Amino acid sequence: MTPRLHAVQSPDVTSVITLLTDYGLEDGFVASCHGVIISIAPQTRIIDVCHLVPAGDIRRGAAILAQTLPYLPAGVHVAAVDPSAAGARRSVAVEAGNRLFIGPDNGLLSWALLAAGGARTAYEIANTELFLSPVSPTFHGRDIYAPVAAHLCGGRKPADLGPEIPLDRLLSLPAPTARRGEDAVEGEVLSLDRYGNVQLSVTADDLAALGIRVGGTVAVSMGRRQVTMPFRDTYAAVPPGTLVVFTDSAGLVAFAVNSGDAAQRLGLPPGAHVRLARGPEI
Amino acid sequence: MTPRLHAVQSPDVTSVITLLTDYGLEDGFVASCHGVIISIAPQTRIIDVCHLVPAGDIRRGAAILAQTLPYLPAGVHVAAVDPSAAGARRSVAVEAGNRLFIGPDNGLLSWALLAAGGARTAYEIANTELFLSPVSPTFHGRDIYAPVAAHLCGGRKPADLGPEIPLDRLLSLPAPTARRGEDAVEGEVLSLDRYGNVQLSVTADDLAALGIRVGGTVAVSMGRRQVTMPFRDTYAAVPPGTLVVFTDSAGLVAFAVNSGDAAQRLGLPPGAHVRLARGPEI
Amino acid sequence: MTPRLHAVQSPDVTSVITLLTDYGLEDGFVASCHGVIISIAPQTRIIDVCHLVPAGDIRRGAAILAQTLPYLPAGVHVAAVDPSAAGARRSVAVEAGNRLFIGPDNGLLSWALLAAGGARTAYEIANTELFLSPVSPTFHGRDIYAPVAAHLCGGRKPADLGPEIPLDRLLSLPAPTARRGEDAVEGEVLSLDRYGNVQLSVTADDLAALGIRVGGTVAVSMGRRQVTMPFRDTYAAVPPGTLVVFTDSAGLVAFAVNSGDAAQRLGLPPGAHVRLARGPEI
Numbered sequence: 001m002t003p004r005l006h007a008v009q010s011p012d013v014t015s016v017i018t019l020l021t022d023y024g025l026e027d028g029f030v031a032s033c034h035g036v037i038i039s040i041a042p043q044t045r046i047i048d049v050c051h052l053v054p055a056g057d058i059r060r061g062a063a064i065l066a067q068t069l070p071y072l073p074a075g076v077h078v079a080a081v082d083p084s085a086a087g088a089r090r091s092v093a094v095e096a097g098n099r100l101f102i103g104p105d106n107g108l109l110s111w112a113l114l115a116a117g118g119a120r121t122a123y124e125i126a127n128t129e130l131f132l133s134p135v136s137p138t139f140h141g142r143d144i145y146a147p148v149a150a151h152l153c154g155g156r157k158p159a160d161l162g163p164e165i166p167l168d169r170l171l172s173l174p175a176p177t178a179r180r181g182e183d184a185v186e187g188e189v190l191s192l193d194r195y196g197n198v199q200l201s202v203t204a205d206d207l208a209a210l211g212i213r214v215g216g217t218v219a220v221s222m223g224r225r226q227v228t229m230p231f232r233d234t235y236a237a238v239p240p241g242t243l244v245v246f247t248d249s250a251g252l253v254a255f256a257v258n259s260g261d262a263a264q265r266l267g268l269p270p271g272a273h274v275r276l277a278r279g280p281e282i
Numbered sequence: 001m002t003p004r005l006h007a008v009q010s011p012d013v014t015s016v017i018t019l020l021t022d023y024g025l026e027d028g029f030v031a032s033c034h035g036v037i038i039s040i041a042p043q044t045r046i047i048d049v050c051h052l053v054p055a056g057d058i059r060r061g062a063a064i065l066a067q068t069l070p071y072l073p074a075g076v077h078v079a080a081v082d083p084s085a086a087g088a089r090r091s092v093a094v095e096a097g098n099r100l101f102i103g104p105d106n107g108l109l110s111w112a113l114l115a116a117g118g119a120r121t122a123y124e125i126a127n128t129e130l131f132l133s134p135v136s137p138t139f140h141g142r143d144i145y146a147p148v149a150a151h152l153c154g155g156r157k158p159a160d161l162g163p164e165i166p167l168d169r170l171l172s173l174p175a176p177t178a179r180r181g182e183d184a185v186e187g188e189v190l191s192l193d194r195y196g197n198v199q200l201s202v203t204a205d206d207l208a209a210l211g212i213r214v215g216g217t218v219a220v221s222m223g224r225r226q227v228t229m230p231f232r233d234t235y236a237a238v239p240p241g242t243l244v245v246f247t248d249s250a251g252l253v254a255f256a257v258n259s260g261d262a263a264q265r266l267g268l269p270p271g272a273h274v275r276l277a278r279g280p281e282i
Numbered sequence: 001m002t003p004r005l006h007a008v009q010s011p012d013v014t015s016v017i018t019l020l021t022d023y024g025l026e027d028g029f030v031a032s033c034h035g036v037i038i039s040i041a042p043q044t045r046i047i048d049v050c051h052l053v054p055a056g057d058i059r060r061g062a063a064i065l066a067q068t069l070p071y072l073p074a075g076v077h078v079a080a081v082d083p084s085a086a087g088a089r090r091s092v093a094v095e096a097g098n099r100l101f102i103g104p105d106n107g108l109l110s111w112a113l114l115a116a117g118g119a120r121t122a123y124e125i126a127n128t129e130l131f132l133s134p135v136s137p138t139f140h141g142r143d144i145y146a147p148v149a150a151h152l153c154g155g156r157k158p159a160d161l162g163p164e165i166p167l168d169r170l171l172s173l174p175a176p177t178a179r180r181g182e183d184a185v186e187g188e189v190l191s192l193d194r195y196g197n198v199q200l201s202v203t204a205d206d207l208a209a210l211g212i213r214v215g216g217t218v219a220v221s222m223g224r225r226q227v228t229m230p231f232r233d234t235y236a237a238v239p240p241g242t243l244v245v246f247t248d249s250a251g252l253v254a255f256a257v258n259s260g261d262a263a264q265r266l267g268l269p270p271g272a273h274v275r276l277a278r279g280p281e282i
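Taken in sequence, the protein lines are chains E, B and R.
Per my numbering, the very first residue in the first sequence carries number 1; after that it's consecutive.
Per my numbering, the very first residue in the second sequence carries number 1; after that it's consecutive.
Per my numbering, the very first residue in the third sequence carries number 1; after that it's consecutive.
What you were told as hints is all true, and nothing was included just to trick you.
Incomplete in silico selection of chain B near chain R, CB under 7 angstroms: (1) Leu72; (2) Asp193; (3) Thr234.
Computed from the model, here is a short list of chain B residues facing chain R with C-beta under 8 angstroms: (4) Ile47; (5) Cys50; (6) Gln67; (7) Tyr71; (8) Tyr195; (9) Asp233.
FYI, nobody ran anything at the bench for these hints, they're computed from the structure.
Since the structure is predicted, the reported quantities are computational estimates derived from the model, not experimental observations.
Just so it is clear, CB atoms sit at the ideal spot from N, CA and C, and this is done for glycine as well.
Please model the complete structure; the sequences and the hints are all you need to start from.
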C-alpha cells in the first residue's frame, strides 16, 4: 500500500525532522522541542506528526507513526511516548530504509521500522555531548531527542551517538496480525479514531481471499455477538446511522457508522478480537 | 472590512498553501498532508487555518475560511470538510482574486470565494497524474488535494487539472443575510466560538442604519424572548457576567458575556433567527 | 537551571517570532496571526508556544512562557492573554537579554522577563502606522502584535513603536515564592499540567537545603492534611497509583501519581499553599 508520489524530489534526509509525542498541546512542551531543534539546526523543517497520543499509549503511538510514515518525506523521525519516563529503558537511533528513527527502546518505533522496510542498524543514544545539560529525567524529548535529531541534521553521523546495538535486542511490539482461515479471517481492533471508526488488523486482501467484495456483506463475530454489515467503498455509501465495513485511508479494514460513531455503537476496545466471514448476498 | 496591511510585500501566490479540515489533531491525518506537500514542493510554506472544524460541518468550515482569508497571504487555499466522503460530488479548483482554492464542490469554498472577490474560473480536478496512487475514497485531502496543491506551487497551471466548469454550476451555500427593516434588522446566528461568543450575520453598518451606536442599547428578540443589551466596543466594557452586544474581530455583530458564555446563557444554536432593534437610552 | 545548548548557532533575533495565546485551535484566530506575519515578513520562522492557555488566565500564560523560554531561540516573543480585551491597559514592547517581548501590560510578560535576565528597556506600542487598519478592540494579537512583531523582524527598531516607559511602571505579577524556614519550606501550587502533575513554586535547592535528598521522603502539609511522599528522580520510580515528589522538567518540585492524576487525587488548585519538611526515613 505504499503510495506513489509522482515526480517527487524528496528533500534531503537531513533537512526534515518529524515529531510524535504524548505531550499534548496545553503546555509549552512541544514548543520546547521545536526551539531546541531550531536553535541547533535553524534550517531544519519540522513536521508535527501528532502530539495528542493518549498519555503513555505506546501502541497507539506506534500505529499512528507507522500509518503516517509512507506520506512523510525521509528525515529524522523522533517519537516520544514513554510511560516508564526514562526509568528503565535506553534510547535508540535506528536506521531503516532511507530514514532515521529516534526514540525510547520500548516498542514505540517497531511498527514504523517495519513500514520503512525493516531496521538496518541501531545505536544506543549515549553521547551526552549531544544532549542538553542538565537532562531532566522526565523530558528526554526536549533534552536528548530534540538536540540529537538536530545534530544529525547538522551533519553528525548515527555512529557518533553511541555503541551499536544488535538488531535482535531492540524491543518490538507484537505485530498486529490477522489469521486467514478457510471460511473467515480473525483479527483484532487496532485503533479508534476521533470519528469513532474502528480500524482492524485486517486488510482488503484478506477479505478478497474470502471472496468478499465491495457491494457484498460481511458476517462479523465479536465475542458472542454476530452482525452482518455491508462492505462498501466508503461509509458515505450507506444511509446515515448505518454500520458499514470499508477499507480505510491506511489500507486497513474498518467499521464505521455513516454520520455516527461505530466505536461507541459496537463497544469494541483496542485489542478486541473480531472474526470476519462472507455474509449473505442481499 | 478588508484589513490594510501597511507596506506589505506579499509572498508569491505559488509559495504558500493553507489548509482547513475537519481531520482533528488526534491522528497523523494533518501530518500526512504536510508530508505529501513537502515531498513534492519542499519550499512551500504551509499555514494551518484550522483542523478542528466539527466533523462534516460545511457551514462552520466555510465561515472560518471566509473570515480568516483577509489575513492570509495569497496562495493555494485547500479546504476539506466533506460529509459525503467523496461519495457523490466532484473536486474543484477555483480562481478568485489572486487566490486559488481547492476543495470539494459542496459549498465549503463558496463564502471564501465571495470574500476573495468572486470566482473567476473553475476547473474540475480530474487529472489523476497529479494524484497519489492509489486514492483512498475517504482521504481526498491527502491523496488528491495535497499533491495537487503542491504541484500548483511547483508550476502546474489550474487548467492542467481538468475541464473548465461553468461558474454557475458550482455549489454555493446560501449566503447568511441580514434583512434591514425600518425599525429592526433580522439575521441569524452564524457561529459560536470557544469563548461562547454568538456571532450574527449582522454587521455594525446594519446597526448604524437603525441609529444604534456604541454606548446605546439593543432590543434583541429571539423567538418569544426579548432581552435588552448594552452595545459596547468590547465585552470587557460591561461588568463580569453581563450580556453585551459588540462588533467582533470579523466585523460582525456578536453577543457575549464578559468572563462568561453567551452561547450557553442564551441557548442559541447556529441558524437561529434574531431580530435587533434600537433599545431604550439608559 | 538555564539549559546549555552545545555548539549552538542561534539564529538571528530578527528571524524568529514565537506566539503564546489563549485563542484556542477551534477557529482561524491563530492562522490569522500567522498570515499577517508571513504577509509582512515572509522569511520569518514562527514557533507556536501554546494557544490553549485557559481563556484569560494570565498567570498560567506567564508560567508557560517563562518555563518554555530557556529552550526558545532569541526572537520576538509575542504573548496575548488579556481578559480586559484591550479595555484599560496599554500594549508594550520590552527588551530583556537578547530577546524582545510584545504583549499587553497586564503582568503576562513579567515572569518571562525575569527568566530572560530582567527588562532593560520598554516602549508603549503606539505607532498606528505599524498596525492593521482597522484595529478590532478584541483582537490586538492579529491587528497590533502580529504586524508589529513582523515589522520588527523586517528591521524596525523598538524605539519606533512609541514612547519609552519607565521600567518600574510595567505591571508585574507577584513572583511565586517559596519561604525556606529552618525545618520546612512553604510554597504554593504554580500550575497543573495535563498529566495531573502539580507543580510547586519550590525548587530542588529548597529541598536540598532542608537535607531532603532523592531516595528520602517529604512530609507534605496542605491545610489540615498531612501526607508523606517518597522523593524520587521521576514519577516512574514508584509503583503505579503511588504519590511521589520529584523535580520536574522546569526544575521545580512537583507532586505526581505514577500512571495517575495527582491534581485530582490531592484536590489542590493553583495558588494553594503547601509546606514541605523532611520526612521519616523508610
